[in-house]
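*Asks:* Take the sequences, apply the hints, and build the full model.
Chain residues, written in single-letter form:
Protein chains: 2
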Amino acid sequence: MRKGERTKQMILQKATSIFNQQGYSGSSLSSIMKETGLEKGGIYRHFESKEELALQAFDYSTSLLGERFKEAVSQAATTLDKLNAFIEVLKGLVRGDPIPGGCPIMNVALEADDAYPLLAEQAKMSMFQLLSLMERIIIFGIESKEINPNTNIKQLAILWISSLEGALALSRLYDDPSYFDDVATIYI
Amino acid sequence: MRKGERTKQMILQKATSIFNQQGYSGSSLSSIMKETGLEKGGIYRHFESKEELALQAFDYSTSLLGERFKEAVSQAATTLDKLNAFIEVLKGLVRGDPIPGGCPIMNVALEADDAYPLLAEQAKMSMFQLLSLMERIIIFGIESKEINPNTNIKQLAILWISSLEGALALSRLYDDPSYFDDVATIYI
Numbered sequence: 001m002r003k004g005e006r007t008k009q010m011i012l013q014k015a016t017s018i019f020n021q022q023g024y025s026g027s028s029l030s031s032i033m034k035e036t037g038l039e040k041g042g043i044y045r046h047f048e049s050k051e052e053l054a055l056q057a058f059d060y061s062t063s064l065l066g067e068r069f070k071e072a073v074s075q076a077a078t079t080l081d082k083l084n085a086f087i088e089v090l091k092g093l094v095r096g097d098p099i100p101g102g103c104p105i106m107n108v109a110l111e112a113d114d115a116y117p118l119l120a121e122q123a124k125m126s127m128f129q130l131l132s133l134m135e136r137i138i139i140f141g142i143e144s145k146e147i148n149p150n151t152n153i154k155q156l157a158i159l160w161i162s163s164l165e166g167a168l169a170l171s172r173l174y175d176d177p178s179y180f181d182d183v184a185t186i187y188i
Numbered sequence: 001m002r003k004g005e006r007t008k009q010m011i012l013q014k015a016t017s018i019f020n021q022q023g024y025s026g027s028s029l030s031s032i033m034k035e036t037g038l039e040k041g042g043i044y045r046h047f048e049s050k051e052e053l054a055l056q057a058f059d060y061s062t063s064l065l066g067e068r069f070k071e072a073v074s075q076a077a078t079t080l081d082k083l084n085a086f087i088e089v090l091k092g093l094v095r096g097d098p099i100p101g102g103c104p105i106m107n108v109a110l111e112a113d114d115a116y117p118l119l120a121e122q123a124k125m126s127m128f129q130l131l132s133l134m135e136r137i138i139i140f141g142i143e144s145k146e147i148n149p150n151t152n153i154k155q156l157a158i159l160w161i162s163s164l165e166g167a168l169a170l171s172r173l174y175d176d177p178s179y180f181d182d183v184a185t186i187y188i
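Chains as they are written, first to last, in my numbering: chain X, 1 to 188; chain U, 1 to 188.
Hints are computed from structural coordinates only; laboratory data are not their basis. Take the hints with a grain of salt, since some may be wrong.
For chains that are exact copies, the list does not tell them apart, and a pair is met inside one copy or across any two.
Claimed, not checked - In the EDC-like style, the derived pairs of lysine to aspartate or glutamate whose C-alpha atoms are separated by at most 20 angstroms in a straight line are:
| no. | residue 1 | residue 2 |
| --- | --- | --- |
| 1 | K154 | D182 |
| 2 | K154 | D175 |
| 3 | K124 | D175 |
| 4 | K3 | E39 |
| 5 | K70 | D97 |
| 6 | K124 | D182 |
Fair warning: this is a prediction, and the values are worked out from it, not measured in the lab.
*Replies:* Listed below in structure tokens is the structure:
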């Protein structure tokens, strides 16, 4: 990797962590400068604006998460194992793995309404992918006769994602993983 | 009400709406100045800092909500009616009633980690009250033999709150009440 590329990657990683913890409108360029050790010009050489950096940082965090979800779920053999694998990835977010600050999609969903419209669009797409992955787990379960075929697939996916994401938020508010675990143990 | 008190109340109402929509760190004093039509000094005459205003605005929004919850739940006769009343108050938040921007407690829970530590403490307390109210509905249901006495009260309250709050967040992300309704109809 060329030096310029390495610097860009380093900025992206540090910014992702700051944005996810402090919010996209809440994060200041000065805190990103401090974390990266770069001056304003050093950051703007790679990202033309704070919004551009925010968009790429969000994309970075959801790609990272998306890969984890897909890998974990595809390697599991049964529906219960797949659901378990899905929940384990979310549980990682409770303790800040792979990024600190909780679920990046929910953070954007609950952040500023109009501050970053492109970011909201990205969040909608990412949440859609998360719901689709959960729907595929349910469909797999119906096909393998582990889940009742009369299940409303979309509704069940929304219930599972809502409750797990909601519990993740509670666990982060109280800095206590038991809220997430309380909900997760109902499903697995 | 004296003129000074009226002005203070007006600032509080407008600021509550801005903070809940744009986030506590994301809201600028200039947008509050614009909405209230006041200069900086006119706001600082009533609130000594942005943080003080944020704390009082959060308190204002959760008091408003808390009253709605208690009134709705206490007037309902059966467990199902109480749960229904509880859900109706949350459903109000989907469409921005009584304040725009979704659930103020979840917004703070998912906002900046360290920006406003006192605000996070207030959010913990408010969420605790919400969970307690849900637990009381469940206990009422057990006493009136509408809910199985072997139910884990705390766990069920966490599941219901997590899923409803999570679904409320999804409905706000997509500007589509059906996510919340999909989860709510499972319970009532």
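*Asks:* Are any of the numbered hints broken by this structure? If so, which, sorted upward?
*Replies:* none
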